[in-house]
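Enquirer: Spelled out, the chains give:
Number of protein chains: 2
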Amino acid sequence: MEYYSQKAAETFPYTPGERPERSSIKINTNENPYAPSPEAIAAAREVMGGGRGSRNAAGAAEVSESGRADGAAGTDLRLYPDPESDEVRQAVVEGEREAGGIRLDPENVFVGNGSDDVLSICFQAFFPPVGAEGKALLFPDLSYSFYPVYANLYGVPYRKVPVNERFEIDSRDYMTPNAGILFPNPNAPTGIYKPVSEMESLLEYTLHKSLVVVDEAYIAFVGDAGSYHNHGRVSAASLISRYPNLLVVRTLSKSHALAGLRVGYALGRPHLIEGLTRIKNSINSYPVGILAQKIAAAALQDTAYYAQTTARIVATRERVTQRLTRMGFRVLPSSANFVLAAHAKVAAQDLYQLLGEKGIWVRYFNMPRIDNFIRVSMGTDEEMDIFLERVQRIVEGEA
Amino acid sequence: MEYYSQKAAETFPYTPGERPERSSIKINTNENPYAPSPEAIAAAREVMGGGRGSRNAAGAAEVSESGRADGAAGTDLRLYPDPESDEVRQAVVEGEREAGGIRLDPENVFVGNGSDDVLSICFQAFFPPVGAEGKALLFPDLSYSFYPVYANLYGVPYRKVPVNERFEIDSRDYMTPNAGILFPNPNAPTGIYKPVSEMESLLEYTLHKSLVVVDEAYIAFVGDAGSYHNHGRVSAASLISRYPNLLVVRTLSKSHALAGLRVGYALGRPHLIEGLTRIKNSINSYPVGILAQKIAAAALQDTAYYAQTTARIVATRERVTQRLTRMGFRVLPSSANFVLAAHAKVAAQDLYQLLGEKGIWVRYFNMPRIDNFIRVSMGTDEEMDIFLERVQRIVEGEA
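Protein sequences, first through last, are from chains A and B.
Residues in the first sequence are numbered from 107 upward in steps of one, following my numbering.
Residues in the second sequence are numbered from 107 upward in steps of one, following my numbering.
Wrong hints could be hidden among the right ones.
[As the list claims (entries may be wrong)] Partial selection, computed: residues in chain A whose CB lies under 7 Å from chain B: (1) Tyr110; (2) Pro119; (3) Thr135; (4) Ala141; (5) Met154; (6) Gly180; (7) Asp182; (8) Asp222; (9) Ser391; (10) Gly395.
The set of hints was computed from the structure by calculation and includes no laboratory data.
Glycine included, every Cβ here is placed at the ideal spot set by N, Cα and C.
Turn these sequences into a full structure, and let the hints steer you where they fit.
Expert: Okay, here's the thing in C-alpha cells:
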C-alpha cells in the first residue's frame, strides 16, 4: 500500500449487491421494476435534440463552418451545468406541495449525485458537530451498512443502537447525549416504518444539541398504496418548519426508477442546506450533470405516473408477503419496496444459493441477527411469480 | 452555524466562473465552443430508446400490463450503473493506444464524477501518505484554485511553490522532501506546458517517497494542432509503465466538450487505482450514471472528431494570441484552450468590466501576480472576432 494515506490503508468500503447478467431475475438491490416516467425520457431527448449529426464521405464528423451552432444535438452538454441544480430544487418543492401539502422553498433543498453523495456530505458538514467531543453518532445496528463506512472514513465516533426484538427502531433508545442521529425511515433492510411522532420526540430531545438525519430512501412505499396519497402525514419533511435540527434525505433511485441516473437530495432549514453546499463546493462544484438535472426535474413533476407504479409495487409487496407467510416464512412488516423474510426450516444462505442457481438474485447479509433472513426486492408480478414458485419448491424440499 | 462540523464552519469553498445568460459570449470557464461528438449523442439516444411512451385519455401515463417491458424508453435507467465504469475504462485504454501509442490496461484507469471528484478522492487516498508527517503537499502558487480548497477540507498540510518569473513551473523547485506533488500540465490559468522530461526528474526524485499527480485537464491542446498527433510524447501517461508514483488526471469537460456530463478519470499503476477505488467505495459506489458512462465511452472512441475540433481551437488560440500581442498585450505562451493576457496600459479589472458590459464574459482573478491579467477561453472564431474587436476599441480608448 505504498503511497496510501492512513485513510486509504485502513478503510473498509461498502459492498453493493451483485450485478448479474440481464437475463436473470434481479431482485437484490431494491431497484424499481418499472421504467422511469415517459416525461423524464422526453426531457432527456430534448437535451440530446437535433439530428444524428452529419458525416462526410470519409466518415469523419464535420464541425459546422459557422461555429458551434447552438441547438445542434447535445450542444448543452459542452457547458458546465447549474452548480445548484435549481430546476431540480424547484421540482422537489412542487412535488412536496402536490403530494403532501408540505410547503418548502428551493432554499430548503440540496441536490447531490445520489443520496450516497448527499449522506457523505452530511457526515462532513455535521458530524461531529462543534463541541460534541466525546459523544457519538447514533444509528441502528441493523440498517444501511454504508453508515459505519462513512463514519470510519471521516473519523466520526459512532455507536450502533440495537433495534428491538420486533426489529423496530425505538426512539427512546436514542434519547441520550449524542453527536447526531441517523434515523432511516422506513429502515433497511427491515422495511419497518415508524410514525412521524417518534421523530418528533427525538427532535425535541436533540433540539439545539445535535442533528437528526432522517433517511427516507423508501418513503414512497409507505401505506396501502404508497405514500403518494398520504405523504404529508408519513414524511418527516412535514416537520422541517418546526425543527432546525432536522435533515431529510431522499433518493430518486427507488421510487422514481432512476438508480442509473444518480440523483438524491436533502430537505432542511436553509442554514443546513448552506452547510451542505459549503462542503459540496469544496469537493465538486458541479456534482449533477445537465442530463441528470433535466431528467430528475421532469420525473419529480410526473407525480401521476409514479403514484401508479408505486401503488403497483406496494400491491405486489402485500401479495408476496401473504404468499411467503403461508409458506412458513416470518416476513417483517415492510413499508418499503422489499421484504426481509426468514423461513422456519430452510436456512437463508441455502435459499440464497438455491435461488441464485436458477438465476434469481436476492440479497443475503451474513450479519448478526439477520443471518437467517433474505431480502427480496419487488420485481414485476411476473418475476415475483417465478420467484414464489421456486421458493415453494425449495421449502417443499424439491430443490 | 449551529450543528456545523468544524470542517463546515471553517471551509472556504471554491468559486467557479459565472454562468451568464445564454445570449452572451461566455469565454470565462474554458468550455469547448463546439458540440460533443455525434457518436456520443447517438449513444445517449440508444439508452433513451423506444417511443415517447403511451398516455391514456386522461393524460396519465400507463404502465404496460405485462410488467416492466425491458427495452422500453430509458428502462436501463432504473438499474444501478456499473460501479467501475468498465466501458469507459476500456474506451480510455483504446484512446491512449490510438492517439499516442501508450499501452495501458483497464486496471490502470479510475473513472469519477468529473476530474474534481477524482482529485478530491486523490487527496483522501494519498495525501498525506503514511509516514509523511511534517512534510507538505506541494503545488504551484498560480494554479487551479481548487487545490488549496481540497487541502483545507481534508486537513492536508501544503506549500505553494512560486512559478518562476516567466510564470513557468520549474521542477527543481519541487525537489525537496514533500508529502506529494500536484503538477498541472499545461498549468492553469497560465496555459504553460512543460515537457515530460521535467516530470521524469520529479518522479525519479520522489520514487518510493511520495506521489506525483499530473493534472492534464488541458493536455489535448498541446502542440500546433493539439496533442492528438503527438499525444505519446506530450502526456505523462507514457511514463506510467516506469513510475509507480505517478498518477495522471484527465477530464472530458474541455477536450471532449462534455463539461455538462461530469466525467473525469485517472491513469496510474493498479495499486494506485485500487487506492482510489477504496475511497470511492467508501463514499459512493456508483459515482457515474449510465448515460454518462455511455456518452463518455462513445466520445472517447471518436478520436477523429475531437482531433478536428481540437485543431480548430488551437488555430483560434494562435490567431487570438497574435492579435492580442499586436494590440499591446503580453500573452503567456499557452498550450491550453485559453490564454492569460495583460495589457501594458489598460488594467485587467477595467477590461473585465468593460467586456462584461457588452455581454462578453472573461475571467479575472483578483490574486497576487496575475491581477493584471484576464483569462480568455477560446470560443468559436466568430465569437473571438467580436471579442477582439471590442478589446481593440477598449485599448484604443473608445470604450
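Enquirer: Take the hints in turn and mark each one as holding or not.
Expert: Verification of the supplied hints:
| no. | hint | verdict |
| --- | --- | --- |
| 1 | Tyr110 | holds, 5 Å |
| 2 | Pro119 | holds, 3 Å |
| 3 | Thr135 | holds, 6 Å |
| 4 | Ala141 | holds, 5 Å |
| 5 | Met154 | holds, 5 Å |
| 6 | Gly180 | holds, 4 Å |
| 7 | Asp182 | holds, 6 Å |
| 8 | Asp222 | holds, 4 Å |
| 9 | Ser391 | holds, 5 Å |
| 10 | Gly395 | holds, 4 Å |
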